[in-house]
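> Since the structure of chain V is already known, use the hints to place chain R on it.
Residue numbers (my numbering), protein chains in the order written: chain V, 1 to 240; chain R, 1 to 318.
It is worth saying that the hints were derived from the structure and are not from the lab.
Fair warning: there could be bad hints in the mix.
[Claimed, not checked] Okay, derived cross-link-like pairs now, DSSO-like style, lysine-lysine, Cα gap no bigger than 27 Å in a straight line:
#: 1; chain 1: R; residue 1: Lys304; chain 2: V; residue 2: Lys130
#: 2; chain 1: V; residue 1: Lys117; chain 2: R; residue 2: Lys129
#: 3; chain 1: V; residue 1: Lys71; chain 2: R; residue 2: Lys202
[To be verified] Residues of chain V clear of chain R, computed beta-carbon distances all greater than 10 Å:
#: 4; residue: Val2
#: 5; residue: Lys7
#: 6; residue: Tyr12
#: 7; residue: Asp142
#: 8; residue: Glu157
#: 9; residue: Pro170
#: 10; residue: Leu177
#: 11; residue: His211
#: 12; residue: Gly219
#: 13; residue: Ile231
[Claimed, not checked] One side of the interface only, derived from the structure: several residues of chain V facing chain R at Cβ under 10 Å:
#: 14; residue: Val52
#: 15; residue: Lys71
#: 16; residue: Arg77
#: 17; residue: Val80
#: 18; residue: Phe84
#: 19; residue: Thr91
#: 20; residue: Met93
#: 21; residue: Asn98
#: 22; residue: Ala114
#: 23; residue: His195
#: 24; residue: Pro221
#: 25; residue: Ala225
Cβ coordinates follow ideal geometry from the N, Cα and C atoms, glycine included.
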Amino acid sequence: MVILEAKKISRYFGGLAAVKDLDFTVERDEIVGMIGPNGSGKTTVFNMISGVIRPTSGEILFKGDAITRSKPHEICRMGVARTFQVPQPFTGMTVLENVLVGCIYGKGMRLVEARKKAEDILEFTGLGDKMSLPSESITAQDRKRLELARALASDPEILLLDEIMAGLTPKEMDVVLDLLIKLNERGVTLFVVEHVMRAVMKLSERIVVLHYGEKIAEGKPEEVAKNEDVITAYLGERYA
Amino acid sequence: MKQYSKILMQPRWLAVIAVALFLLVFPFGVTGYMLRFLTFVFMWVILAGSINMVTGYTGYLDFGHIVFFGIGAYVTGVLMVNFALPFFVSMFAGCLVALAVGLGVGVPSMRLRGAYFAIAMLAFAEAVKQIVLEAKSVTRGGLGLSLPVYADYYFFYYVMCLAVASTVVVTYWIERSEFGYALRAIRGSEVAAGVSGVNTLKYKLAAFGLSAFFAGMAGGIYAYWMTFIYPSDVFNIAMTVQMVVMMFLGGSGTLVGPIIGAFILTTISEILWARFIYLYMIILGIVVMVIVLVMPHGIVGLLKRVRGLKWLSSKPKK
Numbered sequence: 001m002v003i004l005e006a007k008k009i010s011r012y013f014g015g016l017a018a019v020k021d022l023d024f025t026v027e028r029d030e031i032v033g034m035i036g037p038n039g040s041g042k043t044t045v046f047n048m049i050s051g052v053i054r055p056t057s058g059e060i061l062f063k064g065d066a067i068t069r070s071k072p073h074e075i076c077r078m079g080v081a082r083t084f085q086v087p088q089p090f091t092g093m094t095v096l097e098n099v100l101v102g103c104i105y106g107k108g109m110r111l112v113e114a115r116k117k118a119e120d121i122l123e124f125t126g127l128g129d130k131m132s133l134p135s136e137s138i139t140a141q142d143r144k145r146l147e148l149a150r151a152l153a154s155d156p157e158i159l160l161l162d163e164i165m166a167g168l169t170p171k172e173m174d175v176v177l178d179l180l181i182k183l184n185e186r187g188v189t190l191f192v193v194e195h196v197m198r199a200v201m202k203l204s205e206r207i208v209v210l211h212y213g214e215k216i217a218e219g220k221p222e223e224v225a226k227n228e229d230v231i232t233a234y235l236g237e238r239y240a
Numbered sequence: 001m002k003q004y005s006k007i008l009m010q011p012r013w014l015a016v017i018a019v020a021l022f023l024l025v026f027p028f029g030v031t032g033y034m035l036r037f038l039t040f041v042f043m044w045v046i047l048a049g050s051i052n053m054v055t056g057y058t059g060y061l062d063f064g065h066i067v068f069f070g071i072g073a074y075v076t077g078v079l080m081v082n083f084a085l086p087f088f089v090s091m092f093a094g095c096l097v098a099l100a101v102g103l104g105v106g107v108p109s110m111r112l113r114g115a116y117f118a119i120a121m122l123a124f125a126e127a128v129k130q131i132v133l134e135a136k137s138v139t140r141g142g143l144g145l146s147l148p149v150y151a152d153y154y155f156f157y158y159v160m161c162l163a164v165a166s167t168v169v170v171t172y173w174i175e176r177s178e179f180g181y182a183l184r185a186i187r188g189s190e191v192a193a194g195v196s197g198v199n200t201l202k203y204k205l206a207a208f209g210l211s212a213f214f215a216g217m218a219g220g221i222y223a224y225w226m227t228f229i230y231p232s233d234v235f236n237i238a239m240t241v242q243m244v245v246m247m248f249l250g251g252s253g254t255l256v257g258p259i260i261g262a263f264i265l266t267t268i269s270e271i272l273w274a275r276f277i278y279l280y281m282i283i284l285g286i287v288v289m290v291i292v293l294v295m296p297h298g299i300v301g302l303l304k305r306v307r308g309l310k311w312l313s314s315k316p317k318k
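This is chain R alone, in the form it adopts within the complex:
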């Protein structure tokens, strides 16, 4: 017990506790708009965090990641509407279906590398969208699906907050565990990882499955929150692009990178969208180019470099 209290007194953990407490009391005393906005930010943190698990750590750029969000949303919706199942049961089922689909599509698609994997996943996401559109008897197709209305914004705030927490905990585990070493080895050199004893297919599939699970979770919560979903909304390619940008902006393959990226980009988007609705995508494009050119390792990489430089200059070089 004494040990635990000692660990919790470390600055890092004190900061975590402070943030948790702040998020817990935040909803009281802010406007409904702020509450909704922060819930949205949380959703993007989950999405950027989930794609980070596969793309950030193993280097497999998943350009169809939105498919798992859409699957999570539709499974949740269909189970709640057609089978009258409770929300949490439906959402969890959505996560599991997303996971299963991830593993299923990963077996063939993860044999491809680089751009080919990205293209295969992009095509897969579009194909699933078409299937959802055509399966009218279950999904109501292009008409969209109306879920039972539950208009308690506090509820969605806290549920989304919990989902963020679980994403962060899993990412933290990846960072610290042997599992993370396998993923980063695959990103560094897949061939060398294999001959060093890493079962590359198993580990990259596991990362893919995990990332699909969390994207599905975000989709499930989104569906119930919005109460209305339709295929071109929850299978929107532009959302994949946003996730990717957020991850790279913050720093891919890091714990806090996707969180920072999601916060910054969602805030910028909110401002730009309100003021320059037509210039929005252009400005977003410029942001992407600047990231790639100026800080390939994202904000986290930039901070590390700045800190590294300071550290270097304070120590005389040999």
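Bound-form chain V, shown alone:
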């Protein structure tokens, strides 16, 4: 069953097409990777799915319903959660409070019920001992974890992860990979933007490759890695 579908979505900034006539589908329980060189439009795609910006044209469907013109909070409550490439913690709030916001507003819980759930999520994501710290005081790696924790607060059906591995050591990366695989086993569909090839190749069942806002390849990780267009896009003509 298709959980997320984009039909010919485009987004122009002025005359520049950040994303152009892009089609893709994500099946339920699947792990789909999206890769592409810098500026190829990956984050723009996530911004459109989560309602932060609207596509100039095209349609986005979540479980068959159009969410193209929905507000971010509506999309979140339907079951789509995301993280930000540059972590956006709620500064001035503690780590726990950051996740509480997601429980209260993404999941519709009361403050008193939300606490237990938020604590469980923080334990799961490895922030259990940092709950009461101000969110602006934690390390860059922990901010990445907090992004994940906050996204999980709304019990999403699909999780959009925007470069959650960037800046992590190989060891930390393995921990996060394990977390993501565990989440997927629990029935969370993952749509992953990632620069770290090792991670995305290992994790994804299928990969979509963007270049200048257009899809240039799609398929199993090993197929994509051999694709000439993909190699050209990443390394230039000579290597293809």
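Coordinates of chain R only, in the frame set by chain V:
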């Protein structure tokens, strides 16, 4: 019942009761000057507290906040003078009009962020002042509006005191409720708040409306208290600046911050104004700069930090 008495025996609540009792008996045995002064302090507590609801909690710096004070004052005045309505009815109407105007202007202006929102609100406040000046048939324009005289300073003291109490109660509720979490999330990162399920427009508008309501209340009481209002007085930009300074001085986004800030700044102003009338604004400017540089989180933030340090040093670090 037993539970309630237990809760009320906690030090925090005992302190609240003590302060309430003190404020209740304070007017007896002080000079008229002191009574008026404290009533003024209360007015500033309401104003700093009201701007704190929107600026302190959501991070939207409202540089036109005085507009709601002015609207509250003029609605109260016009209803009492032109329609001979009783004071409390007129004042409450003033609060509601301020609230409605806040929501109305908030829909377009709260699409802007940071300095742009501040500038838009500043311009809006000036525009409303001009409208009040021009609508002579209703407001008497630049001539000012004389309200029925009611010279009972005890009355205004207690009314202002009640208004302070309601401001504090609402702020306390913001601190404790889910609503407050939404506002603080918006302040932290509005985009992230949206994708975390917070209907950002709804909540920031609600905060704006509440803050307008209380500023309107202060304006309404002020108008009846002073018995004479004119546009450049009740729409005075310098008053917005004072509110902002008080809030930041005490600690924005906290319950007691604006109260402390209002007390300190009003007291300093009173002394400076009496002694160095020409240096007053310069000294105020220096105070602002010192706050921003030395204690960006205000007095409350400073106290928290000092307490935090003590707490840290008493516990061995791992």
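> It remains to establish, for every hint, whether it holds in the given structure.
Against the structure, the hints come out as follows:
no.: 1; hint: Lys304/R <-> Lys130/V; verdict: holds, 19 Å
no.: 2; hint: Lys117/V <-> Lys129/R; verdict: violated, 50 Å
no.: 3; hint: Lys71/V <-> Lys202/R; verdict: holds, 12 Å
no.: 4; hint: Val2; verdict: holds, 22 Å
no.: 5; hint: Lys7; verdict: holds, 22 Å
no.: 6; hint: Tyr12; verdict: holds, 20 Å
no.: 7; hint: Asp142; verdict: holds, 16 Å
no.: 8; hint: Glu157; verdict: holds, 14 Å
no.: 9; hint: Pro170; verdict: holds, 26 Å
no.: 10; hint: Leu177; verdict: holds, 24 Å
no.: 11; hint: His211; verdict: holds, 26 Å
no.: 12; hint: Gly219; verdict: holds, 30 Å
no.: 13; hint: Ile231; verdict: holds, 34 Å
no.: 14; hint: Val52; verdict: holds, 6 Å
no.: 15; hint: Lys71; verdict: holds, 7 Å
no.: 16; hint: Arg77; verdict: holds, 5 Å
no.: 17; hint: Val80; verdict: holds, 8 Å
no.: 18; hint: Phe84; verdict: holds, 7 Å
no.: 19; hint: Thr91; verdict: holds, 5 Å
no.: 20; hint: Met93; verdict: holds, 6 Å
no.: 21; hint: Asn98; verdict: holds, 8 Å
no.: 22; hint: Ala114; verdict: holds, 9 Å
no.: 23; hint: His195; verdict: violated, 21 Å
no.: 24; hint: Pro221; verdict: violated, 28 Å
no.: 25; hint: Ala225; verdict: violated, 32 Å
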